[in-house]
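Colleague: Work out the full structure: start from the sequences and follow the hints.
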Amino acid sequence: MLTLRRGRYTARLAETREDLEAALALRSLCFRDGVQPDEDAFDSVCRHMLVEESRGGRVLCTFRMLPLAAGGEIAQCYSAQYYELSALSGFEGRMVEMGRFCIHPDVRDADILRVAWGAMTAHVESEGVEMLFGCSSFKGTEAAAYRDAFALLKERHLAPKRWLPRVKAPNVFRFAQRLRRKPDLRRAMAAMPPLLRTYLLMGGWVSDHAVVDRDLGTLHVFTGLEIKAIPPARKRLLRAVAG
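Start counting the sequence shown at 1; every next residue gets the next number (the working numbering).
Since the hints were derived computationally from the structure, they do not count as laboratory data.
Be aware that one or more of the hints could be misleading.
[As the list claims (entries may be wrong)] With beta-carbon atoms standing in for the labels, derived distance ranges:
id	residue 1	residue 2	range
1	25	174	28 to 38 Å
2	174	13	33 to 43 Å
3	67	90	13 to 23 Å
4	170	125	35 to 45 Å
5	228	67	11 to 21 Å
6	166	73	11 to 21 Å
7	166	21	34 to 44 Å
8	217	21	14 to 24 Å
9	29	177	31 to 41 Å
10	142	166	20 to 30 Å
11	168	8	39 to 49 Å
12	81	233	27 to 37 Å
13	25	90	34 to 44 Å
[To be verified] Taking lysine-lysine pairs in the BS3-like style, the calculated list, with each CA pair at most 25 Å apart, reads:
id	residue 1	residue 2
14	154	139
15	139	168
16	182	161
17	154	168
18	228	154
19	161	228
20	182	139
21	182	154
Cβ coordinates follow ideal geometry from the N, Cα and C atoms, glycine included.
Modeller: Structural data, given as structure tokens:
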């Protein structure tokens, strides 16, 4: 069972219902203000990663992983509810959908994100995963607040045409079509969610539109990362954390 200890934090896979309940409680706090539960049918078929305080065991970060043998199974994933992903059905390698990633809102420590990615790196290498993907969320449903971020995604980070997701959801913001502005890099990066920022630093790409998810109160973009595309220097950093 994967366990990674780094400094004050430990990352491990959930093993019990109690572990899952701790992950769900954090998700409820992050995605639903702690008012409603956050559990769906995908939780029973996913593996759940917890990043905890090594002393005390408080869960500070969690995400879930749905393994797919290849792109032919892409219709089974959570993201396929919102994006038309048939272009990815031809991907021949192992894939993992990374979802419901969240960090406790009262904690500000970049090491938590590093440990989470270290754990993901260890999992990717042990399972021979060739692509990570998922939905990267911006808080709120008003696209105007993120115009520079979306303009930067359009300019530098759109998916290759062979993998590009098409529109499926009824309510989307087609930023690649609608935005004509040059992004302000400082504002764009300040508005970019930490998870998405990390994907992009590793060579990740996004859909050409954002889905308006009123259930979770977010805007999200489909995000993909081919493991072979990660720059060598970045791979060395991730492996150093993964140990």
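Colleague: State for each hint whether it applies.
Modeller: Now for the hints, and whether the structure bears them out:
1. Range check, residue 25 to residue 174: about 36 Å between beta-carbon atoms, so the 28 to 38 Å window is met.
2. Evaluation of the 33 to 43 Å hint for residue 174 and residue 13 yields a pass: the beta carbon distance comes to about 38 Å.
3. Checked against the hint of 13 to 23 Å, the pair residue 67 and residue 90 passes, with Cβ atoms roughly 18 Å apart.
4. For residue 170 paired with residue 125, a C-beta distance near 39 Å keeps the hint of 35 to 45 Å intact.
5. Evaluation of the 11 to 21 Å hint for residue 228 and residue 67 yields a pass: the beta carbon distance comes to about 18 Å.
6. Between residue 166 and residue 73 the CB atoms are about 18 Å apart, so this pair conforms to the stated range of 11 to 21 Å.
7. For the pair residue 166 and residue 21, the supplied restraint of 34 to 44 Å holds, since their beta-carbon distance comes to about 37 Å.
8. For the hinted restraint 14 to 24 Å between residue 217 and residue 21, the CB-CB distance of approximately 23 Å keeps it satisfied.
9. Between residue 29 and residue 177 the beta carbon distance is about 36 Å. The supplied range of 31 to 41 Å therefore holds.
10. Between residue 142 and residue 166, the C-beta spacing of about 24 Å keeps the proposed range 20 to 30 Å intact.
11. The hinted range of 39 to 49 Å is satisfied by residue 168 and residue 8, whose Cβ atoms lie roughly 41 Å apart.
12. At roughly 36 Å, the beta carbons of residue 81 and residue 233 sit within the given window of 27 to 37 Å.
13. Taken as a hint, the range 34 to 44 Å holds for the pair residue 25 and residue 90, whose Cβ atoms sit roughly 39 Å apart.
14. Pair hint residue 154 plus residue 139 holds up; C-alpha atoms about 19 Å apart against a cutoff of 25 Å.
15. Between residue 139 and residue 168 the alpha-carbon distance is near 21 Å, which keeps this suggested pair within the 25 Å criterion.
16. Between residue 182 and residue 161 the alpha-carbon distance is near 22 Å, which keeps this suggested pair within the 25 Å criterion.
17. For the suggested pair residue 154 and residue 168, the alpha carbons sit about 19 Å apart, so the restraint of at most 25 Å is met.
18. Distance check on the hinted pair: residue 228 and residue 154 sit about 22 Å apart at the alpha-carbon level, within 25 Å; holds.
19. About 18 Å separates the Cα atoms of residue 161 and residue 228, which keeps this hinted pair within 25 Å; it holds.
20. Our distance criterion of 25 Å between C-alpha atoms is met by residue 182 and residue 139, whose separation comes to about 23 Å.
21. Simply put, residue 182 and residue 154 have alpha-carbon atoms about 10 Å apart, close enough for the 25 Å limit, and the pair holds.
Checked against the numbered hints given earlier, this structure breaks none of them.
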